[in-house]
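Visitor: As a plain string of letters, each chain reads:
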Amino acid sequence: MRSPSGLEALIDALRCLPGVGPKSAQRMAFYLLQRDRPGADRLARALSHALTAVRHCNGCNNFTEQASCELCLSGDRDGTVLCVVETPADLLMIEQTHAYRGQYYVLMGRLSPLDGVGPETLALDRLVRRALDGVVREVVLATNFTVEGEATAHYIGELLRPRGMKLSRIARGLPVGGELEYTDAGTVAQALVERRSLTG
Amino acid sequence: MSSERGGKVRGPAYVLHTLPWRETSLLVEVLTRDHGRLALMARGARRPRSPVRGLLRAFQPLQLEWFGKAELRTMSQAEWATFQPLLDGQALYCGLYLNELMLRLLARDDPHPGLYDAYAETLMALAAVGGEGVVLRRFELRLLKELGYGLQLTLDADSARPLDPAAWYTFDPEQGPRIAAARSNAVQFSGRALCAMAADDWTEPTTAVQAKALMRHVLAFHLGHQDLHTRKLFREITLP
Ligand SMILES: [Zn+2]
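Going down the list, the protein sequences come from chains A and B. For the first sequence, position 32 matches number 32 in our numbering, and the numbering has no gaps at all. For the second sequence, position 143 matches number 143 in our numbering, and the numbering has no gaps at all.
Chain A on its own, in the form it takes in the complex (with noise of 0.2 Å):
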């Protein structure tokens, strides 16, 4: 028995998100059409709206619905430091420590040189054009310590240190209130590496 090709083409629609495969996209379309119709309303107009007034902004590339978000408006940030963030989740994050008030670059995604993401897939002219605008005087490269993250660094401070920028990495180690008893091998093998001096 064939499916409508309405229902198909919704199943085949949301095989687009992550982690979804055949089998939880027909349950989550049997569900959307079966049980929660005004649910399915709902989804159908918000995702046509964010589609139209989502946008990327001129400043952080973040998501926003003006041409700049409300973070680079805001008069209070230190606009001398850039701090550059794979995704809006990991800007986020900082934020919620309250320890920066400098400004952001968000790249939506990393390089993954083996998965053929290359840095065209990256807005990396619009990074550089934003950390040229000559109050930038130093980029906090924050991107994840997995290897396509430090390929990611390394990359973008390749662009920007013959062009004169002062750049800097977060730094990696134990986690704060952490026992090395309970902390993972590598994370204690790097913090012995990177180990800083008390002395002077």
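To be clear, the hints were calculated from the coordinates, so they are not data collected in a lab. Honestly, I wouldn't trust all of these hints.
Cross-link-like lysine-lysine pairs, in silico, DSBU-like; alpha carbons within 30 Å at most [stated by the list, open to error]: (1) B:Lys232 x A:Lys166; (2) B:Lys212 x B:Lys145; (3) B:Lys232 x B:Lys145; (4) B:Lys69 x A:Lys23; (5) B:Lys145 x B:Lys69; (6) B:Lys232 x B:Lys212.
Since chain A is already given, all that's left is putting chain B with the ligand on it; use the hints.
Guide: Structure of chain B with the ligand alone, referenced to chain A:
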């Protein structure tokens, strides 16, 4: 060395590449010392509190345990084996290049313990000296040899006579060097550089330059049409 118990195999391994699988799992391409390249499914490895989340990363020497006979086996354990300094900057790109080379050229389930050891040594060398051309060339030569594509660098493929250091040669990836025709457009290599490569003598700077061109030529032959991502995507970062 690896051991087998109750259908489970344990042994030293490196992660070559990982891909997210479903919500929380990871598909891991590994190079094991005694069982060659394998594809392993690490269930739940992407959960926030997974003990192997930070461990299953490229270039980290691991002790892995897996089971299953099919194309895709299941990883049952992963442990930190020993300290390997993290690769950064250009050394990291070199490491990614090595991994891509192996993913492209090495068939699954084809053990090469010697290559595994050479890979481990190469990672140590990259961490110590950074991205050095000689380090990559030695590994490429070793890789080709292990795969049965070892280069013939000492004899003229036509005459079977030793190379003339003063002469120039074209290079056939399967046969070796041939005296270059006077007006040939093919890439040419000096007899001196080929002999130095064969002798693992890198004192002349021109040897490294010629070796890089030679290995590109030979690897292009074995890789076919699709160039390596690590070469293609990072023109701004010149690999040594
Ligand atoms: Zn913004």
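Visitor: Now tell me, hint by hint, if it's right for this structure.
Guide: So, going through the hints one by one against the coordinates:
1. B:Lys232 x A:Lys166: The hint holds at about 28 Å.
2. B:Lys212 x B:Lys145: holds, 17 Å
3. B:Lys232 x B:Lys145: holds, 25 Å
4. B:Lys69 x A:Lys23: Given pair lysine 69 (chain B), lysine 23 (chain A) holds - Cα atoms ~26 Å apart, limit 30 Å.
5. B:Lys145 x B:Lys69: holds, 28 Å
6. B:Lys232 x B:Lys212: holds, 16 Å
The structure agrees with every numbered hint stated previously.
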